[in-house]
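Engineer: So the protein sequences, as listed, match chains A and B. Quick note on numbering: the working numbering labels position 27 of the first sequence as 27, and the sequence is numbered without any gaps. Quick note on numbering: the working numbering labels position 210 of the second sequence as 210, and the sequence is numbered without any gaps.
FYI, nobody ran anything at the bench for these hints, they're computed from the structure. Backbone N, C-alpha and C define an ideal beta-carbon position, used for all residues, glycine too. Heads up, some of the hints might be wrong.
Stated by the list, open to error - Calculated cross-link-like contacts (lysine-lysine; reagent style DSBU-like; alpha-carbon spacing at most 35 Å):
#1 A/Lys151 x B/Lys167
#2 B/Lys136 x A/Lys151
#3 B/Lys80 x A/Lys151
Unchecked claim - If you only want the chain A side, here are some residues facing chain B, beta carbon under 8 Å, derived:
#4 Thr37
#5 Trp122
#6 Leu141
#7 Phe159
#8 Ile218
#9 Gly226
Take a look at the letters that make up each chain.
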Amino acid sequence: MTHIHVLDQYQEGNSLVHRLDPRVKLILTLTFIVAITALRHGAWLSLMLLLLTASIIIAVSGIPPFRILKRSMIAIPFALVAITLVFTTTGEPLMTFRLASWYLSITHQGTIAFASILTKAWLAVLMASLLSMTTTFPELLSAMRALRLPKVIVSIISFMYRYIFVIADEALRLQRAREARSADPQDRGGGSLQWRAKVLGGMIGSLFLRSYERSERIYAAMLSRGFDGTIRTMTGRGLRATDLMICIAFIAHLLAVVVLAAVYT
Amino acid sequence: MEELSNKRGTSPEPGKRPRFPHGKSRPAIEFRGLSFTYPDGRQALDRISLTIQEGEKVALVGPNGAGKSTLLLHLNGILKGQGVVKVMGAQVGDGNLRVIRSQVGLVFQHPDDQLFSPTVFEDVAFGPLHMGLDEKEVRQRVSWALAQVGMERFENRISHHLSLGEKKRIAIATVLAMRPAIMALDEPSGELDPRARRGLIRLLRALPQTMLVATHDMRLVEELLPRTVILDEGKLVADGQTSKLLEDAELLEKHGLELP
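With the rest of the complex left out, here is chain A:
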């Protein structure tokens, strides 16, 4: 049976990046993203330095650059919303259009703001993709626990990860069953839009009911093994000295880049 691997971005590997402690990786990724947002619009030198840093880490991780580039592009459509900045930011006009009785100006400042936001969003997603491609999901979860994210939230993410596959497989089976019964000797093409919508609605309803019933069985299984409302997990092992050193060195590097952006105007 074909499985759907929605969340499995992990790429097998044994690089330095793969072997780095997941807690350190999570902290560094978050710090990197904070560093990106701390930069002013148009701090190109600092942005280029961050991009260079990211490129070096990707090279070390051994992940094919094209694959990670493809993944990081998912942020672009969202960042494109910022295109309005090109017209709404006040500043010196580069170009002016006439739309009936309205004048639209593209400003220099607006263009820089837009390009900065686009680059920053893309770079942030690039780092997040790198994290998800070099760290297994269970490792990420244990890192979140170690960093004292609320246990309930980590548990919800953990259940989501465990059961999204199961539910996706169920959806796949329902879809196959529908296709198997959607035969038509005259081959007149699919049914009407209304009919299709009805079938889809039925499928969604059935998926919801199945998931609801499953949740009750899972809860019974948890109770049977002593669950009493307290979520207990194992504490992880201590940090290795090398992991800690890499963590400190990297944060110092990010700080330097941010300070550089502030000083160099």
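Based on these hints, arrange chain B on the given structure of chain A.
Structural biologist: Frame of chain A; chain B shown alone:
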């Protein structure tokens, strides 16, 4: 959620299970006049009385909807009906559920319900951790339980990527890690291919626990379980030696069962 309860269960030490002083076996499971009606009004169990001695291996058979799974869920207080349920001599009630649940290992029919953690290790560790054991002991129990079911190298595997046979074995390990005195299994051999099924029967035969197995697999019953209880429409209709019951073709036919 964390405030709900922090009481640690007082589970008996493995190997130090109390025995009757004069060496006689004592009842591990007792149902007395147990009835249960689902909220929708369907009566699932109708005055069930049944005693299972320590070390006995009992089959629970009957058509779909006979109440087999419902009966198993009464063993550790997940469902509560009218009547008395006793486990290792103690009546199942609100006060002792944690102790009861560490003594009854319930293996659910679908391993996807039983294995709810991302990795095999976390799933097998769940029971021992929630019994309040310390981490060293938990790790030992996980390795031990996985070795019992022959899945030593699966600790870091992601549950979703396992085959059904592997999932069934790990589901049994999740319960074994709690070192229960009683194992209650729901359809352990269902949907397994012949080889996985053979392996599972061998595994169950090697386990020393008192066993109550709800199943349709009459060959498993014949090979593994010397005593059989037939349930139909919530009533206990037959209870006896498996070899005798399996000779009574008329009885089996009447309750929707077949000869192995």
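Engineer: Against the structure, test the hints numbered earlier, and report the numbers of the ones violated in rising order.
Structural biologist: Hints 4, 5 contradicted; others consistent.
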